[in-house]
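Based on these hints, arrange chain B on the given structure of chain A.
Chains A and B, in that order, are what the protein sequence lines are. For the first sequence, position 112 (counting from the first letter as 1) is numbered 112 according to our numbering, and the numbering increases by one without interruption. For the second sequence, position 11 (counting from the first letter as 1) is numbered 11 according to our numbering, and the numbering increases by one without interruption.
No lab work stands behind these hints: they were computed from the structure. C-beta: ideal position from N, C-alpha, C; glycine also. Do not rely on the hints blindly, as some may be mistaken.
Stated by the list, open to error - Which bits of chain A does chain B cover? Going by a derived footprint, with three or more residues having C-beta under 8 Å, they are: (1) 10-17; (2) 34-40; (3) 48-59; (4) 69-78; (5) 89-103; (6) 110-121.
As the list claims (entries may be wrong) - A few chain B residues that face chain A, going by a derived Cβ cut-off under 10 Å, partial list only: (7) L51; (8) S116; (9) L125.
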Amino acid sequence: MTEFTPVLSLLGGALIGLSAVLLMAFHGRIAGMTGILTGLLPPVASDWVWRAAFLAGAIVAPSLVLSLSDHAIAFSSPVPLPWVIIGGVIVGGGVYFGSGCTSGHGVCGMARLSPRSIAATATFMATAIATVFVIRHLLGGF
Amino acid sequence: MQRTFLAGVVGLIFGTGIALSGMANPAKVLNFFDVAGTWDPSLAFVMGGALVVTAIGYRLVLRRAKPVCETKFHIPTNRKLDLPLVAGSAVFGIGWGISGFCPGGAIPALGLGEASAWAFVGAMLIGIFAARSIRLAHGQRLASAT
Numbered sequence: 001m002t003e004f005t006p007v008l009s010l011l012g013g014a015l016i017g018l019s020a021v022l023l024m025a026f027h028g029r030i031a032g033m034t035g036i037l038t039g040l041l042p043p044v045a046s047d048w049v050w051r052a053a054f055l056a057g058a059i060v061a062p063s064l065v066l067s068l069s070d071h072a073i074a075f076s077s078p079v080p081l082p083w084v085i086i087g088g089v090i091v092g093g094g095v096y097f098g099s100g101c102t103s104g105h106g107v108c109g110m111a112r113l114s115p116r117s118i119a120a121t122a123t124f125m126a127t128a129i130a131t132v133f134v135i136r137h138l139l140g141g142f
Numbered sequence: 001m002q003r004t005f006l007a008g009v010v011g012l013i014f015g016t017g018i019a020l021s022g023m024a025n026p027a028k029v030l031n032f033f034d035v036a037g038t039w040d041p042s043l044a045f046v047m048g049g050a051l052v053v054t055a056i057g058y059r060l061v062l063r064r065a066k067p068v069c070e071t072k073f074h075i076p077t078n079r080k081l082d083l084p085l086v087a088g089s090a091v092f093g094i095g096w097g098i099s100g101f102c103p104g105g106a107i108p109a110l111g112l113g114e115a116s117a118w119a120f121v122g123a124m125l126i127g128i129f130a131a132r133s134i135r136l137a138h139g140q141r142l143a144s145a146t
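So here's chain A without its partners, still in its complex pose:
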């Protein structure tokens, strides 16, 4: 079980939205983690500097939250490490061919009512729910 956190999740979601709006306002870019990461892999994109800066900000953010507030950031994973790694490779291949992930399609693309992003989001949400159902309720796994 995890605690239902509607207020904190809504606040976090609003901040994610704010970052998407600001990246468009400043850099004219979609705040999609897949696209930002892909440009940092060889052959590295010519505009890699802002991508690296965005990434660095995202990585230090949790420690900044922890040091500036007494808010604990819950983290736990029921998934055995080999499955985390298998899941990682699958996610990497999927988001590359699918041209985006939760941030790019689910937030930025859905907000623009892009038909591709709506189709992508409906698809990955459905297969994620189906996968968890199979693992937990049919196979009795994690």
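Quick look at chain B alone, frame taken from chain A:
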């Protein structure tokens, strides 16, 4: 310089939102997907909050002639549904359902120093790199055939 600094600040806001929302916590993400079991609907609120702010904010921002640090907005123009989009997204959902991590959730989780986040991100980068190598090789084959 201003361009780089602002990207860092925006990344910081993104990472803070992810950390507070619970998107960096695989147990919470997997419970969101477990509608038939220990369902935690919190992540619907993340999506809702993010969508409302982005939809309104984009409308205001895209009225401007250009972004602050760039000469033009880079907005995807492709509106066609195709097989790579749907198949790739289906595969992504399977990996998300196995691991509980999506790319935007895992990157801030790196800053929590969690080993599973580092393992996931390493594996995901290998996946992206391999997928791009396949597409580039395929594209070259197509180009040489014509």
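Verification of the supplied hints:
Counting residues of the segment 10-17 of chain A whose beta carbon lies closer than 8 Å to any beta carbon of chain B gives 8, which reaches the threshold of three, so the coverage claim holds. Counting residues of the segment 34-40 of chain A whose CB falls under 8 Å from any CB of chain B gives 3; the rule of at least 3 is met. Here's how the segment 48-59 of chain A fares: 10 of its residues keep a CB closer than 8 Å to some CB of chain B, so the rule of at least three is met and the hint holds. With 7 residues having a Cβ less than 8 Å from any Cβ of chain B, the segment 69-78 of chain A passes the three-residue criterion, so the hint holds.
Coverage of the segment 89-103 of chain A by chain B holds. Counting CB-CB distances below 8 Å, 14 residues qualify, and the rule asks for three or more. Counting residues of the segment 110-121 of chain A whose CB falls under 8 Å from any CB of chain B gives 9; the rule of at least 3 is met. Annotation: interface hint on B/L51 holds; nearest CB of chain A at approximately 6 Å, less than 10 Å. Nearest Cβ of chain A to the Cβ of B/S116: about 5 Å, under the 10 Å cut. The hint holds.
About 6 Å separates the beta-carbon of B/L125 from the nearest beta-carbon of chain A, less than 10 Å, and the hint is met.
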